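A.B. asks: Each chain is listed here by its residues.
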Amino acid sequence: MTTDAQPAIEVTELACSYQDYKVLQGVSFSVRHAEIFFIVGGTGVGKTTLLRNMVGLATPVHGDVRFNGRSFTGADVVERQEMLKTFGLSFQGGALWSSLTLRENIALPLEEYTRLPGDEIGRIAAFRLSQVGLKGFEDYYPSEISGGMKKRAGLARALALDPTIVFFDEPSAGLDPVTARNLDSLILDIRDTFGTTIVIVSHDVDSIMGIADRLIMLDRDTRGIIAEGSPRQLATGPSDPKVLEFLTRRSVRSG
Amino acid sequence: MEARATARTEGDVLEVALQGSWSLGGATPRWGSVVGDAAPKAVRLRADGVSHWDTSLIVFVGEASHWCADKGIACDLERLPERMRLLGGQFAKSLVTGELNDHSRSLFVEVGLATRNAMSQAREFLGFIGECWLAAKRLVSGQAGFRWNDCLSEMQKCGAMALPIVSLISFLVGITLAYSGAIVLRRFGGDIWVADLIGVAMTREMGAMMAGIVLAGRTGAAYAAEIGSMKSNEEIDALTVLGISPVRFLVLPRVLAVGLMMPLLALYANALGILGGMMVAYVDLGIPPAAYWIEMLTIVDLPDIAVGVIKSIVYGLIVGLSGCLRGLQSENNAAGVGQSATSAVVTGILYIIVADAIFAVLFQAIGL
Numbered sequence: 001m002t003t004d005a006q007p008a009i010e011v012t013e014l015a016c017s018y019q020d021y022k023v024l025q026g027v028s029f030s031v032r033h034a035e036i037f038f039i040v041g042g043t044g045v046g047k048t049t050l051l052r053n054m055v056g057l058a059t060p061v062h063g064d065v066r067f068n069g070r071s072f073t074g075a076d077v078v079e080r081q082e083m084l085k086t087f088g089l090s091f092q093g094g095a096l097w098s099s100l101t102l103r104e105n106i107a108l109p110l111e112e113y114t115r116l117p118g119d120e121i122g123r124i125a126a127f128r129l130s131q132v133g134l135k136g137f138e139d140y141y142p143s144e145i146s147g148g149m150k151k152r153a154g155l156a157r158a159l160a161l162d163p164t165i166v167f168f169d170e171p172s173a174g175l176d177p178v179t180a181r182n183l184d185s186l187i188l189d190i191r192d193t194f195g196t197t198i199v200i201v202s203h204d205v206d207s208i209m210g211i212a213d214r215l216i217m218l219d220r221d222t223r224g225i226i227a228e229g230s231p232r233q234l235a236t237g238p239s240d241p242k243v244l245e246f247l248t249r250r251s252v253r254s255g
Numbered sequence: 001m002e003a004r005a006t007a008r009t010e011g012d013v014l015e016v017a018l019q020g021s022w023s024l025g026g027a028t029p030r031w032g033s034v035v036g037d038a039a040p041k042a043v044r045l046r047a048d049g050v051s052h053w054d055t056s057l058i059v060f061v062g063e064a065s066h067w068c069a070d071k072g073i074a075c076d077l078e079r080l081p082e083r084m085r086l087l088g089g090q091f092a093k094s095l096v097t098g099e100l101n102d103h104s105r106s107l108f109v110e111v112g113l114a115t116r117n118a119m120s121q122a123r124e125f126l127g128f129i130g131e132c133w134l135a136a137k138r139l140v141s142g143q144a145g146f147r148w149n150d151c152l153s154e155m156q157k158c159g160a161m162a163l164p165i166v167s168l169i170s171f172l173v174g175i176t177l178a179y180s181g182a183i184v185l186r187r188f189g190g191d192i193w194v195a196d197l198i199g200v201a202m203t204r205e206m207g208a209m210m211a212g213i214v215l216a217g218r219t220g221a222a223y224a225a226e227i228g229s230m231k232s233n234e235e236i237d238a239l240t241v242l243g244i245s246p247v248r249f250l251v252l253p254r255v256l257a258v259g260l261m262m263p264l265l266a267l268y269a270n271a272l273g274i275l276g277g278m279m280v281a282y283v284d285l286g287i288p289p290a291a292y293w294i295e296m297l298t299i300v301d302l303p304d305i306a307v308g309v310i311k312s313i314v315y316g317l318i319v320g321l322s323g324c325l326r327g328l329q330s331e332n333n334a335a336g337v338g339q340s341a342t343s344a345v346v347t348g349i350l351y352i353i354v355a356d357a358i359f360a361v362l363f364q365a366i367g368l
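Respectively, the protein sequence lines represent chains A and B.
Going letter by letter, the first sequence gives residues 1 to 255 in this note's numbering.
Going letter by letter, the second sequence gives residues 1 to 368 in this note's numbering.
Treat each hint with caution, since some may be false.
[As the list claims (entries may be wrong)] Think about it this way: if two alpha-carbon atoms lie no more than 27 angstroms apart in a straight line, the pair counts; the simulated DSSO-like pairs of lysine-lysine are:
{"hint": "1", "chain 1": "A", "residue 1": "85", "chain 2": "B", "residue 2": "137"}
{"hint": "2", "chain 1": "B", "residue 1": "93", "chain 2": "B", "residue 2": "71"}
{"hint": "3", "chain 1": "A", "residue 1": "242", "chain 2": "B", "residue 2": "93"}
{"hint": "4", "chain 1": "B", "residue 1": "137", "chain 2": "B", "residue 2": "157"}
{"hint": "5", "chain 1": "A", "residue 1": "22", "chain 2": "A", "residue 2": "242"}
{"hint": "6", "chain 1": "A", "residue 1": "85", "chain 2": "A", "residue 2": "135"}
If you are wondering where the hints come from, they were derived from the structure by calculation, not from laboratory data.
Because the structure is a prediction, the values reported are computed rather than measured.
The task is simple: from the sequences and hints, build the whole structure.
C.D. replies: This is the structure in structure tokens:
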């Protein structure tokens, strides 16, 4: 049974490896409902690996991931598929299916999981695209649009099935500051409107300070979490020097 | 003025004065030759007389401080400009080599890794076949939808669009076989039996085999490259996360398309091969086409054609499955996509030949 007191996501003692290299161990944290939760850290600390282990694209070496109290790591194929329907994943490069138009990209999950008639699916797809500011691009192929647009279309697809949890892998990577900020406000809108739980892997300090409710910071040396809390707490309170350095980076130009 | 470094001993301290213009393009002193055999207790660098400097000076300063650190003596850089000091320190740090990442392996480890690799490949292959079987079962039982549009478009790509190359190759194979056959048959005055030779060879063996090899090179490689690049683009992950089986979505339409088109292409290849043989027989051996045709029908029967068709269906499935499997196994980079395409062709052709040998024994045993 799902209750609000129960965390939306609960990660317990997770250990992940990339190929034969052990990237993370003993990672435990939980994400509350309707929270914007960041997984941060420098490059190569295992943020994306953690995300892939959480959504089932990689199998953890040890530990458990639970969504709304149900174990995902230990779930069988059918159970897992049911749970997959409840979350969306927005990939770093959009990962749009290149042989389908934007409308078809968004329509595919709907065709797979709903019994809606084709024209209604088309309308929903168009609505999702307009939500992310891509009205008029329904019949474009991914190769015909820019990187930022691909990312937004990827987000529209991730939202197609009205997921309760949306994961983002580096949403602002490769985007100009204005587009990145627009994407941030879109994420905030989605959370405020639908009460969606949002997990974001990022190292963009502006985004973190701008929209994160809470974050965990991963570290390469300890192969685990070195800080957990709200960005302001961590930036102003007594934190690990690495956390302070990360969150309060100043310009390299002195003065 | 050219770059100079003059060493002077003051008690236990070796003071090195840097002068002139230091440039990477010009000749600059090396720390080793400046310090020589000296064994000071401390080193001091000063750069009062330096008019211009670049990385060449940083290298000198860095080597000096690395040398001092190595000898365990003090290196006084306080008299250098701040930026020079900082960069020199960074350079010295970069000279400290960490633990080497040793890639060499013993024979024992190599054998172990190769065994583990072979086992995991076998497991992946069996897993893939199992997944295909389950997906096909769900499809037949109506539990899952099928992307007919994708399948039709793949049929066009691997079937209709392969016609020119299949035509050319089978026609040429027919001609080659006819010439080779004629060399032997002529000795016995049996020129007309060229028709029998071509008829049996094309329908039972060469039609299906040639179409299979063309499709392995054309379609198998294309499937591997297409699915491989989808994988490196995270498109496969996007399907998986949505709970949509990549096997059902990508593999089944392709395998079915090539499995359906292959027998048609094989029949077409048979016809073109026979035509090639007929042309050689007419032009070179003086056998009229009608005589050729009638002679051929005395030996080629429906079972021969059926043998070719059965083989071609299996070859088609082999090409489709090996192309898709290699694509799904592809590494997430450009080189990985290339390797998977090559590997798809090699696997496809290898298994076609193996299957052909098995068929030969099997059909012999059942008298077909």
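A.B. asks: Each hint should be assessed against the structure and marked as holding or not.
C.D. replies: Hint by hint, here is what the structure shows:
Among the hinted pairs, residue 85 of chain A with residue 137 of chain B is consistent with the structure: their alpha-carbon atoms are about 23 angstroms apart, no more than 27 angstroms. Annotation: proposed proximity of residue 93 of chain B to residue 71 of chain B holds, straight-line Cα distance about 15 angstroms (limit 27 angstroms). Straight-line distance between C-alpha atoms of residue 242 of chain A and residue 93 of chain B comes to about 21 angstroms, which keeps the hinted pair within the 27 angstroms bound. Restraint check for residue 137 of chain B and residue 157 of chain B: satisfied, since their Cα atoms lie roughly 26 angstroms apart, inside the 27 angstroms limit.
A distance of roughly 21 angstroms separates the Cα atoms of residue 22 of chain A and residue 242 of chain A; the hinted pair therefore holds under the 27 angstroms criterion. At roughly 25 angstroms between alpha-carbon atoms, residue 85 of chain A and residue 135 of chain A fall within 27 angstroms of each other, so this suggested pair holds.
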